[in-house]
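Engineer: Residue strings, one per chain:
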Amino acid sequence: SAVISQKPSRDICQRGTSLTIQCQVDSQVTMMFWYRQQPGQSLTLIATANQGSEATYESGFVIDKFPISRPNLTFSTLTVSNMSPEDSSIYLCSVQDGRRSNTEAFFGQGTRLTVV
Amino acid sequence: RKEVEQDPGPFNVPEGATVAFNCTYSNSASQSFFWYRQDCRKEPKLLMSVYSSGNEDGRFTAQLNRASQYISLLIRDSKLSDSATYLCVVNKDQAGTALIFGKGTTLSVSS
Numbered sequence: 118s119a120v121i122s123q124k125p126s127r128d129i130c131q132r133g134t135s136l137t138i139q140c141q142v143d144s145q146v147t148m149m150f151w152y153r154q155q156p157g158q159s160l161t162l163i164a165t166a167n168q169g170s171e172a173t174y175e176s177g178f179v180i181d182k183f184p185i186s187r188p189n190l191t192f193s194t195l196t197v198s199n200m201s202p203e204d205s206s207i208y209l210c211s212v213q214d215g216r217r218s219n220t221e222a223f224f225g226q227g228t229r230l231t232v233v
Numbered sequence: 003r004k005e006v007e008q009d010p011g012p013f014n015v016p017e018g019a020t021v022a023f024n025c026t027y028s029n030s031a032s033q034s035f036f037w038y039r040q041d042c043r044k045e046p047k048l049l050m051s052v053y054s055s056g057n058e059d060g061r062f063t064a065q066l067n068r069a070s071q072y073i074s075l076l077i078r079d080s081k082l083s084d085s086a087t088y089l090c091v092v093n094k095d096q097a098g099t100a101l102i103f104g105k106g107t108t109l110s111v112s113s
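Chains A and B supply the protein sequences, listed in that same order.
The opening position of the first sequence corresponds to residue 118 in the working numbering, with each subsequent residue numbered one higher.
The opening position of the second sequence corresponds to residue 3 in the working numbering, with each subsequent residue numbered one higher.
Don't take each hint at face value.
[As the list claims (entries may be wrong)] Straight line, CA to CA, 25 angstroms or less: simulated BS3-like cross-link-like pairs of lysine-lysine:
hint : chain 1 : residue 1 : chain 2 : residue 2
1    : B       : K47       : B       : K4
2    : A       : K124      : B       : K44
3    : A       : K124      : B       : K47
Keep in mind that the hints were calculated from the coordinates and are not lab data.
All of these numbers come straight from a predicted model, not from anything done at the bench.
This is chain A alone, in the form it adopts within the complex (with noise of 0.2 angstroms):
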């Protein structure tokens, strides 16, 4: 198993700024996502971290505005630019043994972010 720290736990942030998210797990793990949950809706998959590289963004999703680093096999970012409401969103970070397809994948607790 994994044990993932996310933070900030929930924030509250004006239209037009930017949030950075934190995720750290406290092993290495080849394969680290980011999700979205909107209110009353299942997750959504924002993008693939890739470690060393540029992150692969599912369709809908872009760089300009969900800028991700993942400097390392632990430590992942997610940002969330030019906020308007329509993001605010419950934004999970997830993590998963790449070596095979059908392993587990273990979730931080979540960011809760509200734009006002």
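Fit chain B to the known structure of chain A by using the hints.
Structural biologist: Same frame as chain A, now just chain B:
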């Protein structure tokens, strides 16, 4: 068609009831299948993986039908503590580990 579709909820059942959740997925290349549980205002946690032969873990039984692209979860002898949202999850493509989540089905077990 949504990538992963689940029964609309909520399911409200008494303690001791048997309840079944259904799920269909659209990508025939998906190779890994799971049920996750998400408690209110908490992160999702793995309940069980789903294998082609079907698998059981205590009161929980999962089934997979690849031909129909259908997954099910059966919960027997429901407990109050089973109240949660159950998420049907498949991997994004044949080689990848990234996951696609269904919207979830909410179960409420009452005494």
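Engineer: Decide, hint by hint, whether the structure agrees.
Structural biologist: Now the hints, each set against the structure:
no., hint, in the structure
1, B/K47 with B/K4, "holds (22 angstroms)"
2, A/K124 with B/K44, "holds (14 angstroms)"
3, A/K124 with B/K47, "holds (19 angstroms)"
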